[in-house]
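Given the coordinates of chain A, assemble chain B onto it according to the supplied hints.
Residue numbers (this note's numbering), protein chains in the order written: chain A, 13 to 385; chain B, 33 to 557.
Wrong hints could be hidden among the right ones.
Stated by the list, open to error - Straight-line Cα separation of at most 20 Å, DMTMM-like style, residue types lysine to aspartate or glutamate; simulated pairs:
1) LYS182/A with GLU528/B
2) LYS546/B with GLU535/B
3) LYS536/B with GLU58/A
Stated by the list, open to error - Sample of chain A residues with no beta-carbon within 10 Å of chain B, all distances over it, derived:
4) PHE71
5) GLY96
6) GLU106
7) ARG113
8) GLN114
9) GLY140
10) SER142
11) ARG213
12) THR243
13) THR254
14) LEU265
15) SER268
16) SER286
17) ARG326
18) VAL328
19) GLU331
Unchecked claim - Computed Cβ-Cβ distance ranges for the label pairs, DEER-style:
20) SER100/A with ALA422/B: 39 to 47 Å
21) ALA552/B with GLY140/A: 33 to 41 Å
22) GLN246/B with SER100/A: 41 to 49 Å
23) VAL539/B with ALA87/A: 42 to 50 Å
24) GLN246/B with LEU47/A: 35 to 43 Å
25) LYS547/B with LYS91/A: 37 to 45 Å
26) GLY119/A with GLN512/B: 25 to 33 Å
27) PHE363/B with ASP245/A: 57 to 65 Å
28) ASP117/A with GLN114/B: 50 to 58 Å
In case anyone wonders, no lab produced these hints; they're calculated from the structure.
Remember, it's a predicted structure, so these values are computed and weren't measured experimentally.
Think of the CB as a built atom: it goes at the ideal place given N, C-alpha and C, for glycine as much as any other residue.
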Amino acid sequence: MKTLGLIVNPVAGMGGTVGLKGTDGPEILRRAEQLGALPQAEKRTEQALAGLVPHSDGFALLTFSGVMGEAPAAACGLKPQVIGSGSSPRTTPEDTARAARQMADRGIDLLLFAGGDGTARDICGAIGTSVTVLGIPAGVKIHSAVFASSPAAAGQVAASFLTGEIARVKEAEVMDINEEDYRRDILSARLYGYLKIPDARRLLQSLKAASAPDERTIQRAIAAGLVERMTDDRCYIVGPGTTCRPLMEMLGLDNSLLGVDMIRAGRQIGKDMSEREILEKTANTTCSLILTPVGGQGFLLGRGNQQISPEVIRRVGKENIIVIATPEKLNSQSGRPLLVDTGDVATDSYLCGYYRVVTGYREAAVYRVSCCA
Amino acid sequence: MEIQPGSRLRNFHQAKWDEEVIFELSTPGQRGLHIPEVETEISDLVGDGLSSIPAGMRRATAPGLPEVGQMRVLKHYLRLSQQNLGADLNVDIGQGTCTMKYNPKINEKIAASSKAQDIHPHQDESTVQGALRVMYELDLFLREISGLDRFSLQPSSGSQAILTMAAIMHEYHQVRGQADSRDELITTIFSHPSDAAAAAVKGYRIITLYPDEQGMPDVEALKAAVSNRTAGLFITNPEDIGIFNPRIAEFTRIVHEAGGICGYDQANANGILGITRAREADFDLCFFNLHKTFGAPHGCGGPAAGALGATRELAEYLPVPVVSYDGSKYFLDYDVPHTIGKVRSFYGAFPVMLKSYAWILSMGAEGLKEAARIAVLNNNYLLKKITEIAGATSPYTGGKRRIEQVRYSWEELYNETGIDTHDVTRRMADFGFHLWQSHHPFVVPQPFTIEPTESYSKEELDEYLDGLRHVVEEARTEPQTVKSAPHNSVVHRIAESSLDDPEKWAVTWRAFLKKHGKAAAKIRS
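Isolated chain A, as found in the complex (with noise of 0.2 Å):
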């Protein structure tokens, strides 16, 4: 019997309807209410657990009471088991942390949670990576990559992935903008952390192409091919995310996941650097800079990688930066360019144009890197 979380955040998604662009913090929701918006989570939370209805025998359902949890799941005919209870009158991101403890705390196989970027973060925060999880998607800001695609598809791969279907786990990046910024019109996501999601790519044997390899494969050839052409007489820039984790690992160097590591003739000689730090590093030496594109929208700089500023950008050249994607990650941007927002125009512009994206070993695709503008 495997057992399922169930954590929804009711006021997700509420900001939206009113052009709000975000629902985070008690003033903002408070005046999402007075223009009349009404809750959205709980209706697609129930969309999502309708395809889990069918396999409510192989599993037990634990959730926080009412609007948590227990009354959408009630819609639908599932008989969940209540843990917990949220604030009164209204739930808080403390509430989503704390139920997310206990349902971790529990040993559930897969914690399903309905709410946008914040809830994910408050979720991320409590727990990291210990518990797989799953996003529906019922907020506003929808930057993240632990998000199925529609309510329905998240409970299906929900489904997918308690029946033993789906096997397999990745690593998903947690991205949050700062509304305030955004309802400015200033984009100034970061990358937050990493959640662990139900990996569901599927393969379905097929008579006319052997599969590609997997995830994790590919990012360990694209680090193999990255070795063979390092020299020894310039420094590499690293920046976050976890396609540069394997070459970190290969060349037997701690990885910051989240931040910039510098290495020189397979030495390292910064963690987790500081754009003045970086600066200091790169005076009067030759650099390269690796990136990868991080989150679904497909940002190479200007998201979750701000020490790499445009002073750093300038000093290390255009045709020094080396950028590295798995096939899956560059296709899931269905042809939409990569995207800089470094927040200097001028850096942006000298940045846009076709560049040389590392797939693999000995592979490439040439990709186009437009400006956020």
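Frame of chain A, contents of chain B only:
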């Protein structure tokens, strides 16, 4: 969901035998045939037959072949055949990019006749003039169809033809002293993946172009990709999504100006026979899969034929022998100045050539063109009907027509119902249909690729459409039926998790034992 009245869908149930792998049937000592001891009169004369072979060429242990009685072997393969589907059984239009057209049975008879079967590659040329004439004239036909100047019939698959193109390209640059510096091969994401894979086998670094917003290969990306490291461009047109690139001549011009070679992957030329040619698009090399476009069956991994054409300049690099005619006789011609040597024993798979030769003759020039036009018509009939199904879309078209196939998307259906393209595929199997998605990793979300060819009647296309409509209806009304499909197939579900794991996948028995251990196999002691 019950099949609705008026639907052309048929109830189907596949045979299931739970048949072992043949290695698992092996029992030590069992034989299909007991060969009698050699009489002493013979062995006194020729010895034991083994000691005359040099010691270094003799194997120390017998090969690990399965030991199985004849009747059991017969049952084994008949059972497997019943667990199979194929173009002669089902409406096989869901195997997009494969060109599953009808392979006329009379051509099988011709290829199976003793005139074709009882000749040997080592026979004197004077005794096989007919076979050589078939090869020579097939070359002439293909020259006419492509506009190129000479063909080699030696490569015995599409991928081998691509590898041969890569070898020719390498030798071409070698002659110019640039083989080492020109180490990059450019292709596109919607070209067949073998264009990248086979070139990588030859040692090239692979540069892949992504499409522009209209789904066309991005010409600006090509300009950014070419340099003095460019060895060449291998490209499909129309690409696997069924869109023809009208700017293809610009692509070849850009690559030629950079000093590269242009190879045209025409494995599937089924929509453009008699309509466009490699010559006019200024390609240096091209190849046709005779087992796709030219009426010969797919060989389930071979043997097949990837007939490879070259311009006059690059014909000097073709594999040997080619077949020539001196006005009175046909002969195997080894006089190819820069030949890359051989890519297969002798001259390729003759029976496949013979079938295609017969097919081309029976169709005639007008017939080839008509086949292409009907294939395109069938495809655009399906395009219209499929995009009328709510939940199915055809990304990139923008209302425009396609050539011979379309890569569709179930993304809308997935977001609405949670039923993905794999689920639809599995449910279609319950009605005797195959539905293929796309090469991995997916570029079009929730993809499926359909290529009707010219062979299927409107009634059969409608039967297939009824299948799609039925499954989509079920996705909305009883998704669990779709989700838990297939219900009528040999294997309910396979464990997919190891299919993309190089540590676990095994395409041979030996690899399986090595990676999973003997305990995983049901071996008889």
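Okay, the hints, checked on the actual structure:
| no. | hint | result |
| --- | --- | --- |
| 1 | LYS182/A with GLU528/B | holds, 16 Å |
| 2 | LYS546/B with GLU535/B | holds, 10 Å |
| 3 | LYS536/B with GLU58/A | violated, 39 Å |
| 4 | PHE71 | holds, 15 Å |
| 5 | GLY96 | holds, 29 Å |
| 6 | GLU106 | holds, 32 Å |
| 7 | ARG113 | holds, 29 Å |
| 8 | GLN114 | holds, 28 Å |
| 9 | GLY140 | holds, 24 Å |
| 10 | SER142 | holds, 22 Å |
| 11 | ARG213 | violated, 8 Å |
| 12 | THR243 | holds, 18 Å |
| 13 | THR254 | holds, 16 Å |
| 14 | LEU265 | holds, 24 Å |
| 15 | SER268 | holds, 28 Å |
| 16 | SER286 | holds, 33 Å |
| 17 | ARG326 | holds, 21 Å |
| 18 | VAL328 | holds, 20 Å |
| 19 | GLU331 | holds, 13 Å |
| 20 | SER100/A with ALA422/B: 39 to 47 Å | holds, 43 Å |
| 21 | ALA552/B with GLY140/A: 33 to 41 Å | holds, 36 Å |
| 22 | GLN246/B with SER100/A: 41 to 49 Å | violated, 54 Å |
| 23 | VAL539/B with ALA87/A: 42 to 50 Å | holds, 49 Å |
| 24 | GLN246/B with LEU47/A: 35 to 43 Å | holds, 40 Å |
| 25 | LYS547/B with LYS91/A: 37 to 45 Å | holds, 44 Å |
| 26 | GLY119/A with GLN512/B: 25 to 33 Å | holds, 28 Å |
| 27 | PHE363/B with ASP245/A: 57 to 65 Å | holds, 59 Å |
| 28 | ASP117/A with GLN114/B: 50 to 58 Å | holds, 53 Å |
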